[in-house]
Structure formats: structure tokens, C-alpha cells
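Going line by line, the protein sequences match chains A and B. Sequential numbering from 237 applies to the first sequence in the working numbering. Sequential numbering from 5 applies to the second sequence in the working numbering.
Because the hints were derived from the structure by calculation, they are not lab data. Every residue, glycine too, gets a C-beta built ideally from N, C-alpha and C. A hint or two may mislead.
[To be verified] Residues from chain A that keep clear of chain B, each with C-beta distances beyond 12 Å, as calculated:
id : residue
1  : Q243
2  : A260
3  : A263
4  : S384
5  : H386
6  : H391
7  : T416
8  : G430
9  : W434
[To be verified] Simulated crosslink set (EDC-like; lysine to aspartate or glutamate; CA at most 20 Å straight-line):
id : chain 1 : residue 1 : chain 2 : residue 2
10 : B       : K99       : B       : D29
11 : A       : K286      : B       : E129
12 : A       : K465      : B       : D71
13 : B       : K77       : A       : E462
Here are the chains, one letter per residue:
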Amino acid sequence: MDNGPQQQDLLKLNALVDGELAPAERAELAARLAGDRHLARAYAVLARLKATIGEAADAPAPIVLPQRRRLAWGVMAAAACVIVAIGIGILVARNGLAMFGAESETAEGPTSITLASLPAGTNIPRLDTAGLKLVGLAIDSGSVPLISAHYRGPHGCRLDLRAWPTGATTPAASGTSRQTWRAGGLTYELVAHGMPAWRFAIIAEAAEQQTQLGADPDRVDRRLREANKGAPPCVG
Amino acid sequence: MRDPHGGLTALLPRLFAFARTMLGDSDSARDLVQEAAARALAARRVPEEQPAYRAWMFRIVRNAALDELRRLKRPPVEDDGPVDVWRYDDVRIAKITVEQGLATLAPLHREIISLIDIAGFSYGEAAELLEVPVGTVMSRVARARGALLAAIEASSVRPLKSRHG
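Make the full structure from the sequences, and use the hints.
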């Protein structure tokens with residue numbers, strides 16, 4: 237590499253092209269570029285390369301956003317806000333604020349609760365990445381307040397989620413697979429109908445994580461994607 | 005409630021270009037970004053600030069692209085060879101030669117070029133996204149561009165001469 241720029245110079249040249257040099261370094265390198273044609277040529281090559289690569293990003297993206305989901309997000313969020321707020325109201329009325337811990341002690345009431353500020357125990361898992369869409373949410377204000385969520389997949393797969401205050405008893409739901417867990421003062425029960433056990437286990441784990449504080453959304457998404465790979469139809 | 009995905013549409017061309025460069029295939033990139041957008045729209049926790057949202061979206065697409073590359077058994081490899089831009093001539097640099105050159109690069113090189121030159125991330129932002137020091141980003145950029153210039157040089161494709169010289 238006769239007369240060629242040294243590796244350290246190349247790092248700086250690239251940084252200069254990218255606008256990443258500090259003012260003092262920039263001034264120093266600019267002064268050298270004015271007097272070193274080899275360095276100046278290398279700079280010109282890199283600058284042209286960067287500009288040409290950037291042209292690739294100007295091409296239109298053949299992507300169509302799933303408008304229905306975008307709409308569904310807002311509608312679902314608003315609906316979930318109202319429904320879960322009602323559920324919280326029922327739970328609070330029946331069991332007192334203590335079941336939600338210190339965070340609820342400052343709550344003004346159900347109407348002021350939003351999804352973002354809900355206690356972790358009231359999260360309704362999203363399973364879209366596993367191909368299961370939330371098709372229903374309901375509050376049963378019977379003797380035991382019950383939050384129910386229903387999910388449906390494209391191959392006859394059905395999942396039902398229920399949540400109720402921990403300590404209360406409810407009749408067990410029927411299904412081919414069942415998993416329960418506790419989070420945020422609630423007991424959750426997830427039931428599948430005809431879903432392969434391995435797939436249900438992954439989905440139940442992801443659902444449980446979503447109801448826990450501090451769950452890693454990327455990890456949850458990865459698990460749900462795993463559950464969606466080569467998923468056979470549900471029978472039963 | 006404000007739609008936290010208000011800036012997603014504007015990001016799509018860059019996300020697509022990023023994915024296309026990572027995967028070297030337009031159809032796969034389209035499917036990948038389409039799925040990533042759907043996942044993002046279904047996410048419960050979405051960054052509210054625009055820079056954080058942008059980084060979050062690129063992280064989703066990057067992770068999906070890396071998964072796809074692993075599935076295709078094309079793991080990222082580090083190229084520690086020397087960088088030599090001195091011997092190259094800028095007359096061979098054109099959109100067609102750059103696109104073909106990018107397709108031949110190692111995924112690690114395509115990734116850093118995509119982040120800096122296509123997505124427009126700063127070194128600091130790229131370092132945060134890749135979870136590496138800024139100095140590593142700096143050296144990866146230099147190596148990747150050197151590798152791209154070498155690929156352009158080795159290609160038999162030559163750009164047409166510009167009418168304006």
C-alpha cells in the first residue's frame with residue numbers, strides 16, 4: 237500500500253465521511269486533505285461510496301401496513317381500557333385496594349386507570365405472533381369476578397384465558413391442555429382445545445411472562461414465533 | 005389515546021432497504037418487514053419517543069433478519085483483513101455495482117453498512133443497537149466499506165459512463 241493512508245487514517249476518513257469526527261480532529265484531517273492528494277482521493281472514494289449506498293434507501297418499499305391491525309390496536313386498547321377498568325372496579329369493590337399492593341393505594345378509581353398504569357396482574361396477553369388473535373374480552377361480575385379472554389387461530393385453534401382474584405375458587409374450565417399461574421393478585425388459567433402439547437407449553441409460558449412485571453418483550457415474541465413455526469392444526 | 009406508531013409509515017423504506025441489504029433478497033425483505041410491522045403494531049409496550057421508536061423498529065427487523073440468516077445457515081462472520089481503499093477508483097462506484105457488491109458481502113459487513121449508510125444511525129446509536137463499543141462500530145464501518153470496494157473491483161459489472169463525465 238505505497239503512499240496509501242494508514243489504517244488509523246482510514247478510520248478517521250470514514251468517520252469524517254459519516255460526520256462523526258470531533259471538531260478538532262475534523263479540522264486537522266481537513267488540513268491534511270488539502271495537502272495530500274492520496275488521502276484526498278481515498279476520501280473522495282469513500283464519500284461517493286456512502287452517497288451511492290444511500291441511494292438504495294430511496295427506493296419505495298413494497299410494504300403495506302396491516303391497516304386492520306392498526307385500527308384494531310386503537311379499538312382494542314380503548315376497549316381493553318374500559319373493560320379492564322370495569323374489572324378493576326369490580327375487583328376493588330369486592331376485595332378492596334390492598335390486593336393490588338402499594339401502587340393501587342394512590343389510584344383515584346376505575347375511571348382514571350389506563351392500560352399503561354394498570355397493575356401487572358391485570359395484563360391481558362397478546363398472542364398474535366403465535367397466530368392467535370384476541371377475539372373477545374369479558375367481565376363476569378358474578379359471585380367471583382372473572383376476566384375472560386378468548387383467542388382464535390387460523391387452523392381451528394382456540395385458547396381461553398380466565399383471571400380471578402387469588403384465593404377465590406372457580407369451576408375448572410374444560411379443555412385438552414390447561415395451565416394456571418399467579419401474577420399481580422390474580423390467578424390465571426389458560427386452556428387450549430386440541431392444541432399440541434408442545435405448542436401450548438410455549439404459548440402458556442409466553443402468556444404467563446406477559447402478565448409478570450419486567451417481562452422481556454423480545455423474549456416473549458421469540459417464544460411466540462417459535463410456537464408459530466410449523467404449527468399443526470388443532471383437533472378436538 | 006395517541007397512536008404510538010404514527011411514524012412507522014415513514015420508516016418503512018429504510019427498514020425495507022435495511023432488511024434487503026441484510027438478506028440480499030427483496031422478497032424475503034418485504035415479508036420480513038411486513039411481519040415485523042405487524043408484530044410492532046401488536047406490541048403492548050411501544051417506545052413513545054421517536055428516536056427510541058426508530059431504534060426499536062430497527063432492532064426488531066435486525067433480530068428477525070439474523071434469525072433468517074441463521075435459518076439459512078449464513079452466520080455473521082468477522083473479516084479481519086486489512087482495509088485498503090487507496091487502490092480503488094471511484095469511477096466504478098455506481099448504484100448497480102454497489103448493489104451487486106453488497107450482495108456478496110459477509111452479513112456482518114452488510115449489517116453495519118445498512119445501519120450507518122442506509123438507516124442513517126450515528127456510530128453511537130449503532131453501537132447501542134449492536135451492543136458493542138463505538139470503536140468497534142468505527143472499525144467495522146471501515147472494514148465493511150473496504151470489503152465493498154474490493155467486491156466492486158472484483159465484479160465484472162462496470163457502470164455506464166456518465167454523460168456529464
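Evaluated hints:
At roughly 6 Å, the least C-beta separation between A/Q243 and chain B is not larger than 12 Å, which violates its mark as non-interface. Once the 12 Å rule is applied to beta carbons, A/A260 is consistent with being away from chain B; the minimum gap is 17 Å. No Cβ of chain B comes within 12 Å of the Cβ of A/A263; the nearest lies about 19 Å off, and the non-interface call holds. Residue placement check: A/S384 keeps its beta carbon more than 12 Å from all beta carbons of chain B (closest about 19 Å).
The Cβ of A/H386 lies farther than 12 Å from every Cβ of chain B, with a closest approach of about 17 Å, so its non-interface assignment holds. Every CB of chain B is more than 12 Å from the CB of A/H391 (nearest about 18 Å), matching its label as outside the interface. With a cut of 12 Å on Cβ distances, A/T416 stays outside the contact zone with chain B, its closest approach being about 22 Å. Even its closest Cβ contact with chain B, about 24 Å, leaves A/G430 beyond 12 Å, as expected for a residue assigned away from the interface.
No beta-carbon of chain B comes within 12 Å of the beta-carbon of A/W434; the shortest separation is about 19 Å. For the hint pairing B/K99 with B/D29, the CA-to-CA distance comes to about 16 Å; that is within 20 Å, so the pair holds. Taking the CA atoms of A/K286 and B/E129, the gap is near 18 Å; set against the 20 Å cutoff, the hint holds. For the hint pairing A/K465 with B/D71, the CA-to-CA distance comes to about 13 Å; that is within 20 Å, so the pair holds.
A distance of roughly 18 Å separates the Cα atoms of B/K77 and A/E462; the hinted pair therefore holds under the 20 Å criterion.
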